[in-house]
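Protein chains: 2
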Amino acid sequence: MLDFETLVRLVTSTPDDPQIRDAFADPVLDEATIARIVTHLPAESLPIIAALLPSERMTEVLSQLDHEDAARILIELDHATQVAVIDAMQPDDAADIIASMSEPDRVRIIDSMPEDEAQELAGLLTWQPDTAAALMTPAFVAVSPRLTADEAIAGIREVAEEFESVHDVFVVDKEARLIGVLALDALVRAPGTERVSRLMSGNPVSVRVSEDQESAARVMQDYDVVTMPVVDDNDVLLGVIAHDDMLDVLEQEATRDIEQLGGSQPLDLPYRRAGVGVLYSRRVWWLLALFLAEAYTGTVLRHYEGEIEQVVALSFFIPLLIGTGGNVGTQVTTTLVRAMGLHEVSLRDMRWVFLKEVRVGLLLGATMGVVAFLRAQLLHVGVDIGVVIAVTVLSISIWSAAVASLLPLALGKLRVDPAVVSAPVISTLVDGTGLIIYFSIAKFLLHL
Amino acid sequence: MLDFETLVRLVTSTPDDPQIRDAFADPVLDEATIARIVTHLPAESLPIIAALLPSERMTEVLSQLDHEDAARILIELDHATQVAVIDAMQPDDAADIIASMSEPDRVRIIDSMPEDEAQELAGLLTWQPDTAAALMTPAFVAVSPRLTADEAIAGIREVAEEFESVHDVFVVDKEARLIGVLALDALVRAPGTERVSRLMSGNPVSVRVSEDQESAARVMQDYDVVTMPVVDDNDVLLGVIAHDDMLDVLEQEATRDIEQLGGSQPLDLPYRRAGVGVLYSRRVWWLLALFLAEAYTGTVLRHYEGEIEQVVALSFFIPLLIGTGGNVGTQVTTTLVRAMGLHEVSLRDMRWVFLKEVRVGLLLGATMGVVAFLRAQLLHVGVDIGVVIAVTVLSISIWSAAVASLLPLALGKLRVDPAVVSAPVISTLVDGTGLIIYFSIAKFLLHL
Numbered sequence: 137m138l139d140f141e142t143l144v145r146l147v148t149s150t151p152d153d154p155q156i157r158d159a160f161a162d163p164v165l166d167e168a169t170i171a172r173i174v175t176h177l178p179a180e181s182l183p184i185i186a187a188l189l190p191s192e193r194m195t196e197v198l199s200q201l202d203h204e205d206a207a208r209i210l211i212e213l214d215h216a217t218q219v220a221v222i223d224a225m226q227p228d229d230a231a232d233i234i235a236s237m238s239e240p241d242r243v244r245i246i247d248s249m250p251e252d253e254a255q256e257l258a259g260l261l262t263w264q265p266d267t268a269a270a271l272m273t274p275a276f277v278a279v280s281p282r283l284t285a286d287e288a289i290a291g292i293r294e295v296a297e298e299f300e301s302v303h304d305v306f307v308v309d310k311e312a313r314l315i316g317v318l319a320l321d322a323l324v325r326a327p328g329t330e331r332v333s334r335l336m337s338g339n340p341v342s343v344r345v346s347e348d349q350e351s352a353a354r355v356m357q358d359y360d361v362v363t364m365p366v367v368d369d370n371d372v373l374l375g376v377i378a379h380d381d382m383l384d385v386l387e388q389e390a391t392r393d394i395e396q397l398g399g400s401q402p403l404d405l406p407y408r409r410a411g412v413g414v415l416y417s418r419r420v421w422w423l424l425a426l427f428l429a430e431a432y433t434g435t436v437l438r439h440y441e442g443e444i445e446q447v448v449a450l451s452f453f454i455p456l457l458i459g460t461g462g463n464v465g466t467q468v469t470t471t472l473v474r475a476m477g478l479h480e481v482s483l484r485d486m487r488w489v490f491l492k493e494v495r496v497g498l499l500l501g502a503t504m505g506v507v508a509f510l511r512a513q514l515l516h517v518g519v520d521i522g523v524v525i526a527v528t529v530l531s532i533s534i535w536s537a538a539v540a541s542l543l544p545l546a547l548g549k550l551r552v553d554p555a556v557v558s559a560p561v562i563s564t565l566v567d568g569t570g571l572i573i574y575f576s577i578a579k580f581l582l583h584l
Numbered sequence: 137m138l139d140f141e142t143l144v145r146l147v148t149s150t151p152d153d154p155q156i157r158d159a160f161a162d163p164v165l166d167e168a169t170i171a172r173i174v175t176h177l178p179a180e181s182l183p184i185i186a187a188l189l190p191s192e193r194m195t196e197v198l199s200q201l202d203h204e205d206a207a208r209i210l211i212e213l214d215h216a217t218q219v220a221v222i223d224a225m226q227p228d229d230a231a232d233i234i235a236s237m238s239e240p241d242r243v244r245i246i247d248s249m250p251e252d253e254a255q256e257l258a259g260l261l262t263w264q265p266d267t268a269a270a271l272m273t274p275a276f277v278a279v280s281p282r283l284t285a286d287e288a289i290a291g292i293r294e295v296a297e298e299f300e301s302v303h304d305v306f307v308v309d310k311e312a313r314l315i316g317v318l319a320l321d322a323l324v325r326a327p328g329t330e331r332v333s334r335l336m337s338g339n340p341v342s343v344r345v346s347e348d349q350e351s352a353a354r355v356m357q358d359y360d361v362v363t364m365p366v367v368d369d370n371d372v373l374l375g376v377i378a379h380d381d382m383l384d385v386l387e388q389e390a391t392r393d394i395e396q397l398g399g400s401q402p403l404d405l406p407y408r409r410a411g412v413g414v415l416y417s418r419r420v421w422w423l424l425a426l427f428l429a430e431a432y433t434g435t436v437l438r439h440y441e442g443e444i445e446q447v448v449a450l451s452f453f454i455p456l457l458i459g460t461g462g463n464v465g466t467q468v469t470t471t472l473v474r475a476m477g478l479h480e481v482s483l484r485d486m487r488w489v490f491l492k493e494v495r496v497g498l499l500l501g502a503t504m505g506v507v508a509f510l511r512a513q514l515l516h517v518g519v520d521i522g523v524v525i526a527v528t529v530l531s532i533s534i535w536s537a538a539v540a541s542l543l544p545l546a547l548g549k550l551r552v553d554p555a556v557v558s559a560p561v562i563s564t565l566v567d568g569t570g571l572i573i574y575f576s577i578a579k580f581l582l583h584l
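So the sequences go chain by chain: A and B.
Position 406 of the first sequence, counting from 1, maps to 542 under our numbering, and the rest follow consecutively.
Position 332 of the second sequence, counting from 1, maps to 468 under our numbering, and the rest follow consecutively.
With the rest of the complex left out, here is chain A (with noise of 0.2 Å):
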């Protein structure tokens, strides 16, 4: 048996060799190693899958792949294989694979499908990206609650065989509206005869079918819920979240904000399919309103260039001064961002956050400010420039920490994504500010 490291290479280096097509079908190579094989190989070597891995395991490795990878295997396909492929697929990621392809081959495949799978996968293409809608499947389990236990099995028996696996039954009045949840476990615990209606726990737990994504996963990770049902406005059930989505929902998410606050777009596809061109454009607009944000350091010095040549050691001290203020405040807005991306802080906060922040960074402001002091001695500037950066040190790391604990939360009250708060943003907007504290406090200590 080959290892997933050699596979990998083999794949990428010499698809011709037959010891690929041999582990690609041994069982002991299961669908999610395989899966994460194709993850791990360059772009180009995508379509040679379509031909390595035997059809019957294809609906599974797809499944578990990125939907634009899936699509680009699927699209290698012969016709009457797409269509088997798809039509065996859960409809929610049929649906999302579906989406990453062109419009004709789009038509092509569901135009070949069973008319009801048309339909359903049709209906699913038409909701909203990023909504629960877009997250579920058309496929679950809902019984009526006057059945007994063992009237509710049998159902379950017969439909069986179209669910992969069934974790909750869903309790439908006759307006198919969503009244209760049933888990699997308590109806096989329970007496055969009991009613559904007794066996059910009401008010479950639910999520409107337009409501936005992230928050429909937080919602089930609060409640601990494996499978989530979606309603419409008047409660009629349309489907249900799996567990695995709404796990890939909050990963998604949080890379979304780690990349966000790293000041870039959000890549919005694996690292490794971002090519050159898509990485310069998802970083390029921020670095150049960075760049022309930080451009005004530039008019600030030149306003102080009289200061700068009366004391040429005052510029000695600027990077690590303005650098210093944009590491504190750096400090600041990755941790309060993570925290409202949690839900642990919101505006109603801000007050606390920023008494807190503030006595912080006064904190390690005095902390710095000593150390800034020896490090000008070291630098033999004199004494009297040794106070000046020890204060400016202590005057830049609470403005910084003022600024950094306000921001995020401001611009979540205008709505505006608090992760664009970046690194990079408070490092800027720091800089500048930062100068001007600088040699305030200079001219006024040395009397310039």
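Just so you know, the hints here were simulated from the structure itself, not pulled from any lab data.
Quick reminder that beta carbons are idealized off the backbone N, C-alpha and C, glycines included.
Be aware that a few hints might be false.
Partner residues are not named here, just some residues of chain B that face chain A (Cβ under 8 Å, in silico) [said to hold, decoys possible]:
{"no.": "1", "residue": "434"}
{"no.": "2", "residue": "459"}
{"no.": "3", "residue": "464"}
{"no.": "4", "residue": "466"}
{"no.": "5", "residue": "527"}
{"no.": "6", "residue": "564"}
Guided by the hints, dock chain B onto chain A, whose structure is given.
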């Protein structure tokens, strides 16, 4: 019915208000919501919860809280209630909460519990934190492969009371070694006389008890497992990890990464619970280290004192040039560290990551070089200095992209968490080296 915000406000301001007690007793307000309210309270309001919350809801609410918070509430209850609440809890939650209590409190509770539960708890408390063992609960359903489906269902009914919910049934041999897993729905669907050995899936996914908790959670995610079996070195089944615990781990790891990328040590507790002292201690060491590293820029500038005195205008661009280098590097490292965290990129990918990022850096540097030249003209510093600035922006962008693409992967090789290459770290590294690049180019092009 009072809403979320009102309840948080009332508990904080007027905890004696009878409306709170009524609301907490009302079944319409579910335990997950109460837990969220508690999470939003200031730390000093936590003891009040012990008196306000009906004791029959205590177990469920405490299970959903941060362990420190739960311990702080538990400590306020009378001894009998403490023991009853802990006894009713899932053993893994109970162990986590008890581990947050003082030694005497812990011993007092464990000593009052029934013999086998006390032993179970004491056993869980001995495992290493941050391993699969610390996440698992020893409460699971295991059956012999020789049972029929009906016998297995009867067995599950018998033990049913002990478990909150059962998704998967595990199949073990006579030595208690894990040999298969049986989804509850497969059992329900099967004919009653079918043997478990024929219904189960063999080669079940499992993790070793000593495995790191993050990699255990990743395996659960990769294989889409709702309940993960945990085994010892002989494959003996010791416990299971529930999917909500896995979710908590993934979220916690993302939080740690984000906080580290922001240049602090991870808080490892909710932001709301982190006081000024905790925030200070988590941030000050990195700040001091960065401060000392950044102090190097002073030495560099002092070295070029003569050049600065000759052309003061060169100093105007210092913040802009090193800031841009930091921004380019930050974009690269955050994206890369996240991709490494998701196991999308590993050491083996160093070469293509480096080549890709350097090319992106070249394009970004060229774009900004043009803008920088124009900016220099706006400051009327002359064409020759404009050229110096443009060439420097280009060079620093490439240099920064190169350093930022190699560093996280190199640290990964040294088994250091790549997330320590935070935005502040990469900025600091690029600041000093960027200045050397700047003045070298200036000296060469301006013949200083």
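Going through the hints against the structure:
1. Interface restraint check for residue 434(B): the shortest CB-CB distance to chain A comes to about 4 Å, inside 8 Å, so the restraint holds.
2. Using the Cβ-Cβ criterion of 8 Å, the hint placing residue 459(B) at the interface with chain A is satisfied: the shortest such distance is roughly 5 Å.
3. About 7 Å separates the beta-carbon of residue 464(B) from the nearest beta-carbon of chain A, less than 8 Å, and the hint is met.
4. Checking residue 466(B) against chain A by beta carbon gives a least distance of about 5 Å; that is within 8 Å, so the hint holds.
5. Taking 8 Å as the C-beta cut-off, the interface hint given for residue 527(B) is violated, the closest approach to chain A being about 16 Å.
6. For residue 564(B), the shortest C-beta to C-beta distance to chain A is roughly 6 Å, which falls under 8 Å, so the interface hint holds.
When the structure is compared with the earlier hints, a violation turns up for hint 5 alone.
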